[in-house]
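**Q** Residue numbering for the sequence shown follows our numbering, starting at 1 and increasing by one per position.
Keep in mind that the hints were calculated from the coordinates and are not lab data. Mixed in with the good hints, there may be bad ones.
To be verified - Under the rule of at most 20 Å between Cα atoms (straight-line distance), these lysine to aspartate or glutamate pairs were calculated in the EDC-like manner:
1) LYS29 to GLU13
2) LYS140 to ASP121
3) LYS6 to GLU51
4) LYS29 to ASP121
5) LYS26 to GLU51
Stated by the list, open to error - Quick list of the computed label-pair ranges, beta carbon to beta carbon:
6) LYS137 to THR105: 31 to 39 Å
7) LEU75 to GLY10: 14 to 22 Å
8) LEU75 to SER24: 18 to 26 Å
9) SER102 to ASN68: 17 to 25 Å
10) PRO77 to PRO106: 15 to 23 Å
Where is the CB? At the ideal position from N, CA and C, for every residue including glycine.
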Amino acid sequence: MRTWYKQLNGTWEIKGTTFPMWLSEKRTKPRITYKQLAKNSVELLDLVEYESKNKTKKIKGIDRISDNQFVWRGLGPLKILSSRWQVVTIKGDILVIRFEKSLVTPAGIDVLVRQDAQIPDLMERILANYEVFGLSKIEKNQLQWINDQ
Numbered sequence: 001m002r003t004w005y006k007q008l009n010g011t012w013e014i015k016g017t018t019f020p021m022w023l024s025e026k027r028t029k030p031r032i033t034y035k036q037l038a039k040n041s042v043e044l045l046d047l048v049e050y051e052s053k054n055k056t057k058k059i060k061g062i063d064r065i066s067d068n069q070f071v072w073r074g075l076g077p078l079k080i081l082s083s084r085w086q087v088v089t090i091k092g093d094i095l096v097i098r099f100e101k102s103l104v105t106p107a108g109i110d111v112l113v114r115q116d117a118q119i120p121d122l123m124e125r126i127l128a129n130y131e132v133f134g135l136s137k138i139e140k141n142q143l144q145w146i147n148d149q
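I would like the entire structure built from these sequences, with the hints used as guidance.
**A** Shown next, in the form of structure tokens:
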């Protein structure tokens with residue numbers, strides 16, 4: 001397993017995104033937890049959580065590496081769904097991921113911060129140095145920032 005994959009383990013809070021689901025006021029505090037399933041494999045439990053109507057909602061899946069990107073497959077009733085995503089960059093407690101259009105979601109970008117990490121001026125830092133974080137100027141301009149609700 002490559003070293004940087006191990007850095008994904010843990011919970012990450014979505015702070016910037018182009019994904020409409022996270023921009024709705026109906027869903028707040030979006031976060032993703034990645035957990036390596038086997039010691040020597042690049043297979044992750046992928047748990048997406050968010051708050052809706054004062055309840056925590058969960059979307060579970062498994063990520064498997066394929067051609068330098070992950071293929072997500074839902075678990076349970078979501079098993080029929082899949083999507084592809086990749087790590088654009090991971091720098092300390094900042095993670096940028098890019099996901100492709102799927103059957104039920106548009107393509108997009110998420111900027112995440114490791115849970116409980118304090119990143120002063122995150123938005124300004126990403127916008128001023130977007131190329132360092134693997135973003136194009138168009139992607140930088142499309143990003144919207146989520147207020148801590």
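**Q** Each hint needs a verdict: does it hold in this structure or not?
**A** Hint by hint, here is what the structure shows:
{"no.": "1", "hint": "LYS29 to GLU13", "result": "7 Å, holds"}
{"no.": "2", "hint": "LYS140 to ASP121", "result": "15 Å, holds"}
{"no.": "3", "hint": "LYS6 to GLU51", "result": "27 Å, violated"}
{"no.": "4", "hint": "LYS29 to ASP121", "result": "19 Å, holds"}
{"no.": "5", "hint": "LYS26 to GLU51", "result": "8 Å, holds"}
{"no.": "6", "hint": "LYS137 to THR105: 31 to 39 Å", "result": "23 Å, violated"}
{"no.": "7", "hint": "LEU75 to GLY10: 14 to 22 Å", "result": "20 Å, holds"}
{"no.": "8", "hint": "LEU75 to SER24: 18 to 26 Å", "result": "24 Å, holds"}
{"no.": "9", "hint": "SER102 to ASN68: 17 to 25 Å", "result": "18 Å, holds"}
{"no.": "10", "hint": "PRO77 to PRO106: 15 to 23 Å", "result": "22 Å, holds"}
Of the numbered hints given earlier, the model fails hints 3, 6; all others are met.
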